Amino acid sequence: MSDYTPSEMMTIAAARALRNEDICFVGIGAPSAACNLARLTHAPGITLIYESGTLATKPRVLPLSIGDGELCDTALTTVSVPEMFRYWLQGGRITVGFLGGAQIDRYANLNTTVVGPYDKPKTRLPGGGGAPEIAISCGEIFIIMKQAPRSFAAKLDFVTSLGHGEGGDHRQRLGVKTKGPTRLVTDLCIFEPDAETKEMTITSIHPGVTRDVIQENTGWPVRYAASVAETTPPTADELAVLRELHARTAAEHGKAA
Amino acid sequence: MSDYTPSEMMTIAAARALRNEDICFVGIGAPSAACNLARLTHAPGITLIYESGTLATKPRVLPLSIGDGELCDTALTTVSVPEMFRYWLQGGRITVGFLGGAQIDRYANLNTTVVGPYDKPKTRLPGGGGAPEIAISCGEIFIIMKQAPRSFAAKLDFVTSLGHGEGGDHRQRLGVKTKGPTRLVTDLCIFEPDAETKEMTITSIHPGVTRDVIQENTGWPVRYAASVAETTPPTADELAVLRELHARTAAEHGKAA
Amino acid sequence: MAEFLSLAQAMEATMRDGDTVAMEGFTHLIPHAAGHEVVRQRRKGLTLIRMTPDIVYDQLIGMGCAEKVVFSWGGNPGVGSLHRFRDAYENGWPNKITIEEHSHAAMANAYEAGAANLPCAILRGYIGADLPKVNPNIRHITCPFTGETLAAVPSIRPDVAVVHAQRADREGNVLIEGILGVQKEAVLAAKRALVTIEEVVDDFGPRSLNAVILPHWTVTAIACVPGGAHPSYAQGYYKRDNAYYKAWDKISRDRDGFLAWMQANVIAGGPQDFAKYARRLSAAAE
Amino acid sequence: MAEFLSLAQAMEATMRDGDTVAMEGFTHLIPHAAGHEVVRQRRKGLTLIRMTPDIVYDQLIGMGCAEKVVFSWGGNPGVGSLHRFRDAYENGWPNKITIEEHSHAAMANAYEAGAANLPCAILRGYIGADLPKVNPNIRHITCPFTGETLAAVPSIRPDVAVVHAQRADREGNVLIEGILGVQKEAVLAAKRALVTIEEVVDDFGPRSLNAVILPHWTVTAIACVPGGAHPSYAQGYYKRDNAYYKAWDKISRDRDGFLAWMQANVIAGGPQDFAKYARRLSAAAE
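Chains as they are written, first to last, in this note's numbering: chain A, 1 to 257; chain B, 1001 to 1257; chain C, 2001 to 2286; chain D, 3001 to 3286.
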């Protein structure tokens, strides 16, 4: 199966990391596609939670917003937003949180707040939303982001949410007990934190992607794990289910999400 | 209408103090009878709330427990107990809280915890339940208690819930902004706090009750307001409604509440 | 992930000697059948937490299962004292127990904070009251914005929560309705949760979009015990057995009478007994 | 005690220049019609609080109603930036605005603490994040039991909360269902509350025993504005108008285009316009 886009490869590689037992805090966009793809393929028992309060939701089509009626209609139940953040997120009930961002650094800290100084921003981004506490309260964090030299930045202008901080045992020193980012899936490759330094290190390269292309799209000198795999290309089934999901979504919303 | 019991007089006198606009936090027993009597007579719009979480309940019969199904069946809605104590009681949404107790002192502090030392009690009572925060969070407090020399005590063994403390501006000095006990209705008379000292002072004596009987049943030298009224005896309508309520309750539960 | 088990198996899977246990229920849905199972399995050294300890805790205390009770109102509602609780606390029979006493507001907040995975709860509470003088677990913090002093209590984090609910679906999701008490918070605050239920349904069917449901992955074990709240009640199933509450006063007054009653009705009994208690009261519930 | 009023009267009765205002809604039930009324009544100097300021706040900011925005995520969901918000913040057009920025968890807790009448909320939050460096309203307390440091934020206590809900009964009790957001908390935290609704019903009829209802004595004014959440949605009534959210990006990019649109669609319009917007989307909602 060779006819797929880098974006499809990214979504599918992210979906594969999810387990049937996961309780997953889902963001809109690529995370939502990956989580629902996992649910429709190898992880039918996965529990999807959106910060709008929908618990164990099974949307037929991808939501366009974090609070689409479809999420509520197909949920086990819907709780208030304070309850969502108190009992479910801070409560430690979430095994995997899915984040993206405008900028990421080599320790998987994320910036979705500002480019430039906070008080005089070059670009004012939407802000952290749920991310600062998703980053510390979920059992582990998966990140899904397209690679580009400006978004994979040597230094963040603002740390919206903690990844591995300055690396090493920085999370533990801050009193955080969760694992933090364990997987960063891009349109080019998969990063995982080095066991010691916690620097995000490439463990798998998507088919047809070269190391030069990866470096051109990363703002720091990338490191590779001792053994680097080639990502298994999308299977026919994975691609078919993902495309059907996008087609259903397009039919419902008039345009693909 | 002369054929009524002191207990009926007490319940009816307490009911009269409630207003149509009140949002009332109701305890089981005499407070519940008084509040429902008010609702069935002069205050049809009164909102009754029980700490079990039932908001705006309209029980047909008096509940035997704070959490009877009847309270839930006839409520506008029922919230969790944490929400009841956080949003509704501490939230400052209650205009009148109704308390009773095993012991009361002249400043309407109440004891429902122990007689004797806390660690080696002579009598271990049930404890405070909701009272410590009802006493400080409701706009004002009505107390309903039968008078007896041991329960109307010169000194409490334990202050379960704050009344007027040591009197005067003690509540304000503790940072409490609500009025505290504004009315104590007994089977003999009605007390209200003195404007200055906050000592509970008799403002009305039930028909046929003598000052000697009141003093015999009070553990401190009682004080009277400058002008003392005679409590209006129960009207035929008040008595009829109260007795019907008790009769319905007896028919439902097999025995009068 | 909830497992459907017999009550005996569910208890074995969730509660150990020495555990901190919250068997909650606010008049409604009190897990009496589960309490009897604790007695039959002879658990020892339990710390029993409940806002309103009543008959079920009186039974556990009288049978020597408890060493500490954390509570805010202890009594037989509308009837009087808990004689076994008092006998243990005042006379050390069958063993000495200690108490930790709070207000309802503090305990409700402490459960809420436990569900929210916080170490403590803050409330505007206990002002002018004597409990802070006798309970070292009532402390204070200062609001960093207003300077106001607020009461703080440790959050409640039981080893096991035990609650009764109306229904579970085949996946093990649990639906509760009516007077909710602190049961959802107790389950979410606990390491393990045992839920007894009135019935298993294929699915919950049409319901409020905001129904109170515990997802199956918050529950350790589910045991279907129809009538399992008796003499408490289950909204929509059966009514409160007020006569039982009144009768308990006499049964529990005397040590020998209590032991004989427990032998006949609990030790020699089983969860299957509860269905018939509840049946007697169910016609009236309609 | 809730009064049924026209939207114009309800706004006059509840919101004043300089007020701190929470117009809440989490994708669902956003009070757009009420926002337009604020513009028509030319309120000035408002502090606008909302977890997720989107189009309705973009409109208020662009029309010069706001001087401060308190928020945790500001954008046009799934589309991009809020151009009027950015233009005011970055360029001072039509006036300079200041911001106070939090995380969702902090704001949700701050509303919850406001409803609970506490001066602050505590949470395990912001660890390793930069917001505490730029927001002096993020402080810390120490748990008096464990010594853990927890984040603290001031509770949100708006002068006015404005929310949209599905139904009110004749007494003025308000029922909300579906995605609840922080609307109940916003109303209970506020001094005054304006609720717009889809319809008035004689009574709510059969419903969950635990339905989410705001009693009439928690609401100041109710205005019946069918479609009043459009382009947001009302579960059971009409769907979200995704095309409008996309179109807003173009409308709001340019100051003149924005002003012309506001003149034609808001200043010259009225609450009665919302019913027809919603009708277009209601067939699809079934």
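Think of the hints as simulated: they come from the structure by calculation, not from any bench. Owing to the predicted nature of the structure, the values given are computational and were not obtained by experimental measurement. Ideal Cβ positions, reconstructed from N, Cα and C, are used throughout, including at glycine. Watch out, some of these pointers could steer you wrong.
[Claimed, not checked] Far from chain D, by Cβ distances over 10 angstroms, these chain C residues were calculated:
1. 2132
2. 2139
3. 2192
4. 2207
5. 2259
6. 2282
[Said to hold, decoys possible] Only part of the chain A face toward chain D is listed, based on derived beta-carbon distances under 7 angstroms:
7. 130
8. 220
9. 221
Quick rundown of the hints versus the structure:
1. 2132: Residue 2132 of chain C clear of chain D: closest Cβ-Cβ about 12 angstroms, beyond 10 angstroms.
2. 2139: Answer for residue 2139 of chain C: violated, closest chain D Cβ roughly 4 angstroms.
3. 2192: holds, 22 angstroms
4. 2207: Per Cβ check, residue 2207 of chain C is inside 10 angstroms of chain D; nearest 7 angstroms; violated.
5. 2259: holds, 39 angstroms
6. 2282: holds, 18 angstroms
7. 130: Hint holds; residue 130 of chain A Cβ to chain D Cβ min 4 angstroms, cut 7 angstroms.
8. 220: The hint is violated - residue 220 of chain A has no Cβ within 7 angstroms of chain D, the shortest such distance being about 19 angstroms.
9. 221: violated, 24 angstroms
Taken one by one, the earlier hints fail for this structure at numbers 2, 4, 8, 9, listed in ascending order.
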